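Enquirer: Read off the chains here:
2 protein chains.
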Amino acid sequence: MKAVALLSGGLDSTTSLAIAISLGYDVFPITFIYGQRHKKEIESAKKIAKYYKLKLKIIKVELNKIGGSALTDDYDVPSKENYNEIGDEIPITYVPARNTVFLSIALSYAEKIGAEKIFIGVNALDYSGYPDCRPEYIDEFNKLSRLATKVGVEGKPIEVVAPLLHMTKGEIIKKGLELNVPYELTWSCYNGREKACGACDSCLLRLKGFMEANAFDPIEYEKYPDFYKKYLDDKK
Amino acid sequence: MKAVALLSGGLDSTTSLAIAISLGYDVFPITFIYGQRHKKEIESAKKIAKYYKLKLKIIKVELNKIGGSALTDDYDVPSKENYNEIGDEIPITYVPARNTVFLSIALSYAEKIGAEKIFIGVNALDYSGYPDCRPEYIDEFNKLSRLATKVGVEGKPIEVVAPLLHMTKGEIIKKGLELNVPYELTWSCYNGREKACGACDSCLLRLKGFMEANAFDPIEYEKYPDFYKKYLDDKK
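Note that the protein sequences, when read in sequence, are chains A and B. If you're matching positions, the first sequence starts at 32 in this note's numbering and goes up one per residue. If you're matching positions, the second sequence starts at 32 in this note's numbering and goes up one per residue.
Be aware that one or more of the hints could be misleading.
You can't tell identical chains apart in this list, so a pair holds if it fits in one copy or across any two.
Once the Cα atoms are required to be at most 27 Å apart in a straight line, the calculated DSS-like pairs of lysine-lysine come out as [as the list claims (entries may be wrong)]:
{"id": "1", "residue 1": "Lys86", "residue 2": "Lys33"}
{"id": "2", "residue 1": "Lys91", "residue 2": "Lys181"}
{"id": "3", "residue 1": "Lys148", "residue 2": "Lys96"}
{"id": "4", "residue 1": "Lys143", "residue 2": "Lys111"}
{"id": "5", "residue 1": "Lys33", "residue 2": "Lys96"}
{"id": "6", "residue 1": "Lys33", "residue 2": "Lys181"}
{"id": "7", "residue 1": "Lys77", "residue 2": "Lys143"}
{"id": "8", "residue 1": "Lys81", "residue 2": "Lys148"}
{"id": "9", "residue 1": "Lys86", "residue 2": "Lys206"}
{"id": "10", "residue 1": "Lys96", "residue 2": "Lys187"}
{"id": "11", "residue 1": "Lys205", "residue 2": "Lys77"}
{"id": "12", "residue 1": "Lys91", "residue 2": "Lys148"}
{"id": "13", "residue 1": "Lys84", "residue 2": "Lys96"}
{"id": "14", "residue 1": "Lys143", "residue 2": "Lys33"}
{"id": "15", "residue 1": "Lys96", "residue 2": "Lys174"}
{"id": "16", "residue 1": "Lys77", "residue 2": "Lys91"}
{"id": "17", "residue 1": "Lys181", "residue 2": "Lys111"}
{"id": "18", "residue 1": "Lys77", "residue 2": "Lys96"}
{"id": "19", "residue 1": "Lys71", "residue 2": "Lys206"}
{"id": "20", "residue 1": "Lys81", "residue 2": "Lys96"}
Everything labelled a hint here was simulated from the structure, so no lab data went into it. All of these numbers come straight from a predicted model, not from anything done at the bench.
The shape of chain A in the complex, shown without the other chains (with noise of 0.2 Å):
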């Protein structure tokens, strides 16, 4: 039973991969280099295929030459002081269309490995408001995959998984504690400084988690944001 598993180098898609391992799949892990600013996710990656004894396939794709988002181009990643300062619309660091890219690819893996599923670790309640992380996205793209695949035309469909779609940032970190995700070394900031920045969506979103399950990120922050040091002052 073999799973392709998308693995960012994130603490969502690690955690996704750590359930598909628990599941029992024969997981292939694939990320991918396509213009993102800094290196930091890809080496995260890496790591953690490593820690899992896992052969990582890494495809590049050229995205950095379509433009369009703070997390390929020149834009200054916003900084904020709270998660409640995330808001409904869809920030700059939206690259457009790239879950589809993303998927599409792993798609092409899947059927070429003979993979059943394909996991992905996208989130529709502590998210930045990508489109592309929505339920009903998730659900098309599969309806999509019966179509464009020759496995699929066979009635043998890979399906897309998303095992955190409809869990809180907290419940997804207290999941990867059971499984023992190595949390140590992922990487979620948008910067890719030696320290995460402990200011950009990502990184508030990823201490609320924390702090919502009642553990502590084991990674290094340049500052931490006011509610967390108020939350490490409250557990002293």
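Go by the hints and put chain B onto chain A.
Expert: The following block gives chain B in isolation, referenced to the frame of chain A:
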């Protein structure tokens, strides 16, 4: 009114691009380096873009690192004598989920530049039996497009248009000749030698199309299949 046009350098995609131009779109062609065994397609795409004075976007995506097709791997492309031998089965030239990968990247590009349409030269009549060339596949991709992008969520989804979908190869070429498509610049052969082989599925369908259109293929062939030889003799 902008449109992205997928341009492989072949006969179909070039005709599809010419149709987009004839409909008044400001056309942005895109082509993919995906590990094709030969570079003749990409050279053709460059010549065609130059002919139409359009800027060609060239995007690398490493589908060759996934493999699974005679077009990217070291299989032999089968030689045939006649187009009747092109079967109903999905052939070994099928690249897993290729059109889904290409359309996804085109979707990303279209969203970035504010294009309303994506033109693709797929064709469900005289084709090689790929699952991702069928009308139901294109319809489903359009449903996904509405959910996958920021513009889709905002109510202005990018639509994939497949103007050749219900045309025979002969009808495609007739239409292209009306539009003065420079077929001498196109390349359809699955092999990448100096001249087209005249024996792969793609060459056979192309020559059958010129015959049906009562026209002559301007490119050179290593050898013509018998049916085309007979057609040339009858025309003398």
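Enquirer: Of the hints stated earlier, which fail here?
Expert: The structure conflicts with no hint, since it agrees with every one listed earlier.
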